[in-house]
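These protein sequence lines are chains P and R, in that order. Oh and the first sequence: position 298 is 298 in the UniProt record's numbering, straight run, nothing missing. Oh and the second sequence: position 51 is 51 in the UniProt record's numbering, straight run, nothing missing.
Just so you know, the hints here were simulated from the structure itself, not pulled from any lab data. Yeah, the Cβ is synthetic: ideal placement off N, Cα and C, and Gly gets one too. Hints are supplied without guarantee of correctness; some may be wrong.
[To be verified] Label pairs and their computed distance ranges (CB to CB):
no., chain 1, residue 1, chain 2, residue 2, range
1, R, 224, P, 76, 15 to 23 Å
2, R, 66, P, 65, 14 to 22 Å
3, R, 93, P, 288, 20 to 28 Å
4, P, 210, R, 72, 58 to 66 Å
5, P, 225, R, 40, 55 to 63 Å
6, R, 155, P, 65, 55 to 63 Å
7, R, 224, P, 72, 52 to 60 Å
8, R, 215, P, 71, 54 to 62 Å
[Stated by the list, open to error] Some chain P residues flagged as far from chain R (calculated, every beta-carbon gap over 10 Å):
no., residue
9, 28
10, 100
11, 121
12, 208
13, 271
14, 274
15, 275
16, 278
17, 280
18, 281
19, 282
20, 293
2 protein chains.
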Amino acid sequence: MVGEMVENKQVIFKGYIEGVPKETDMELKVGNMIKLEAPKGSGAFLVKNLYLSCDPYMRGRMRDFQGSYVPPFNPGSVIEGFGVSEVLDSDNPNLRPGDLVSGLTGWEEYSLIYKTEQLRKIEPDDIPFSYYVGLLGMPGFTAYAGFYEVCAPKKGDYVFVSAASGAVGQLVGQLAKLHGCYVVGSAGTSEKVDILKNKLGFDEAFNYKEEQDLDAALKRYFPEGIDIYFDNVGGAMLDAALLNMRIHGRIAVCGMVSQHSISSPEGQHNLLALISRRIRMQGFLQSDYLHLFPRFLENVISLYKEGKIVYIEDMHEGLESGPAAFVGLFSGKNVGKQVIRVAYH
Amino acid sequence: MVGEMVENKQVIFKGYIEGVPKETDMELKVGNMIKLEAPKGSGAFLVKNLYLSCDPYMRGRMRDFQGSYVPPFNPGSVIEGFGVSEVLDSDNPNLRPGDLVSGLTGWEEYSLIYKTEQLRKIEPDDIPFSYYVGLLGMPGFTAYAGFYEVCAPKKGDYVFVSAASGAVGQLVGQLAKLHGCYVVGSAGTSEKVDILKNKLGFDEAFNYKEEQDLDAALKRYFPEGIDIYFDNVGGAMLDAALLNMRIHGRIAVCGMVSQHSISSPEGQHNLLALISRRIRMQGFLQSDYLHLFPRFLENVISLYKEGKIVYIEDMHEGLESGPAAFVGLFSGKNVGKQVIRVAYH
Numbered sequence: 001m002v003g004e005m006v007e008n009k010q011v012i013f014k015g016y017i018e019g020v021p022k023e024t025d026m027e028l029k030v031g032n033m034i035k036l037e038a039p040k041g042s043g044a045f046l047v048k049n050l051y052l053s054c055d056p057y058m059r060g061r062m063r064d065f066q067g068s069y070v071p072p073f074n075p076g077s078v079i080e081g082f083g084v085s086e087v088l089d090s091d092n093p094n095l096r097p098g099d100l101v102s103g104l105t106g107w108e109e110y111s112l113i114y115k116t117e118q119l120r121k122i123e124p125d126d127i128p129f130s131y132y133v134g135l136l137g138m139p140g141f142t143a144y145a146g147f148y149e150v151c152a153p154k155k156g157d158y159v160f161v162s163a164a165s166g167a168v169g170q171l172v173g174q175l176a177k178l179h180g181c182y183v184v185g186s187a188g189t190s191e192k193v194d195i196l197k198n199k200l201g202f203d204e205a206f207n208y209k210e211e212q213d214l215d216a217a218l219k220r221y222f223p224e225g226i227d228i229y230f231d232n233v234g235g236a237m238l239d240a241a242l243l244n245m246r247i248h249g250r251i252a253v254c255g256m257v258s259q260h261s262i263s264s265p266e267g268q269h270n271l272l273a274l275i276s277r278r279i280r281m282q283g284f285l286q287s288d289y290l291h292l293f294p295r296f297l298e299n300v301i302s303l304y305k306e307g308k309i310v311y312i313e314d315m316h317e318g319l320e321s322g323p324a325a326f327v328g329l330f331s332g333k334n335v336g337k338q339v340i341r342v343a344y345h
Numbered sequence: 001m002v003g004e005m006v007e008n009k010q011v012i013f014k015g016y017i018e019g020v021p022k023e024t025d026m027e028l029k030v031g032n033m034i035k036l037e038a039p040k041g042s043g044a045f046l047v048k049n050l051y052l053s054c055d056p057y058m059r060g061r062m063r064d065f066q067g068s069y070v071p072p073f074n075p076g077s078v079i080e081g082f083g084v085s086e087v088l089d090s091d092n093p094n095l096r097p098g099d100l101v102s103g104l105t106g107w108e109e110y111s112l113i114y115k116t117e118q119l120r121k122i123e124p125d126d127i128p129f130s131y132y133v134g135l136l137g138m139p140g141f142t143a144y145a146g147f148y149e150v151c152a153p154k155k156g157d158y159v160f161v162s163a164a165s166g167a168v169g170q171l172v173g174q175l176a177k178l179h180g181c182y183v184v185g186s187a188g189t190s191e192k193v194d195i196l197k198n199k200l201g202f203d204e205a206f207n208y209k210e211e212q213d214l215d216a217a218l219k220r221y222f223p224e225g226i227d228i229y230f231d232n233v234g235g236a237m238l239d240a241a242l243l244n245m246r247i248h249g250r251i252a253v254c255g256m257v258s259q260h261s262i263s264s265p266e267g268q269h270n271l272l273a274l275i276s277r278r279i280r281m282q283g284f285l286q287s288d289y290l291h292l293f294p295r296f297l298e299n300v301i302s303l304y305k306e307g308k309i310v311y312i313e314d315m316h317e318g319l320e321s322g323p324a325a326f327v328g329l330f331s332g333k334n335v336g337k338q339v340i341r342v343a344y345h
């Protein structure tokens, strides 16, 4: 098979967008051929992509804006994203055919990878490989770094998580429970609320779409107020949370889904609470905490193996399902971490 | 004089307000009599008020809102505020007639003080006594605690201070300069800008009222971006600063003057910058840092005596000037710390 020329279906980024992504911003391209080979002297490796990750931050790469922490996609090129892949051929001394890697790859069946430092080898284990773009990948590490490093949690803290059944939120809530906190999550369907309460072990959960008054909802679930708000959404929920924070409360501002609402025309109105309640509100990116990644991996793998945490995935089948899966993130269609299975291992 | 009945002019709080305070929200009451005596067994002391402080936070006490960190004034009662006073009679073992005290007193000529723990004795020194409600009082300590404890300053940091010639801002800027930072201040008149540059040693200063575009103004003064924004105003300036923060920037949210603008109907729009730039935005109150007060007093008195810092006051004469002086804070009429001289020592 190595050395062979095969078809390589791809998902192409068509051009810069404004607002919420649409399926038509991407295009499935068929008929492209690739040689299954890592050229000698290139240091590259050639992979077969198994799982691709749909992450809200990718929307930022669809805009024509160079000033962000991650550069825009190139119109006409394959979409780049996190994935789990199998090495088919390698000119890189650290990897051999058959190895599994996770990290940045292309939305295509096969990728020739030159930026080898953007992937890490996965050690075979009895954990689903797809978890390496979720629980054990960027979203999981965002939850871990955000909760422990930004939220400064204490046992007994009242913790609120928005978008709580999502790729990040579901781990935040479970880590908070393990830390001895009282945890309430919000989500946008009754199915998700059920998952939060019955599968993920949240103390309480509510469907924000069924609440007339978010402030009243938070007062109902947090009569004593909120110590930690892990904000995945911004907007009206952030404003409501500000009114319910306890003195010396902490808000971790994470939500890339919130790009839209946090910069919404109506704006945030309740920042005055920051002063009287002495709230710390902090934006963060997991990439600032990479020195903690090995510890994260070790801790979370242990917790998973001990049955102390679970992880909900929304698995779509086939590369061609990618654009719809990605677009669905922005209307909350995904139930759990959104993954695309490109090929079976 | 002790034991005598004398007239005690007072400034009375008339009733709860909304919006910006007006002079007519307060009333000068004449003809009230007081006995210049601390009753035996009361533990109280009777003072002659020398200086009274006009502070923006007092507006919060004029609203009918119990949930704040400081309770509302009582309609019909004397306004309470920080002052510097001379003890005329004392039933308190820690104070003797002739001692000077600073802390919470009444807007009146004489006050009988039962809450003795809310004042501290001033040790005689060659520092103007009025500084004990400014440079060496709550505003100065707010600057000190906010700058060192909240802003986490480093030598070479780019520091922006709004309302920079005010009671708090002027010390923030000077401490930042002494810390080796580059410091720019904004203010609302050319006179204040001149003071910032020529008396307070700011590197640059600008009149925000003359700027069409605050974002462009900040880009002009901070081509490399802002590491620390000491926010005394909120609103549009905070939004502009958010767009100009450097990665890992810090925003200390202090501004009680900003109560109005920070909760303005238009809201804050640029919080998305918190994430991509990993900004920490923190509200604070000086009262959380009182353990540092002795060190603050020692440090700032030393710096003042060494001629390394100065302090600008706006001194109004007479208790009757109080309401206008206080109201002037909210339109920036004061040049420097607003003080009322009630009596000469």
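Discussion item. Taking the earlier hints as the rules, which of them does this structure contradict?
Written reply: 1, 2, 3, 4, 5, 6, 7, 8, 13, 14, 15, 16, 17, 18 and 19
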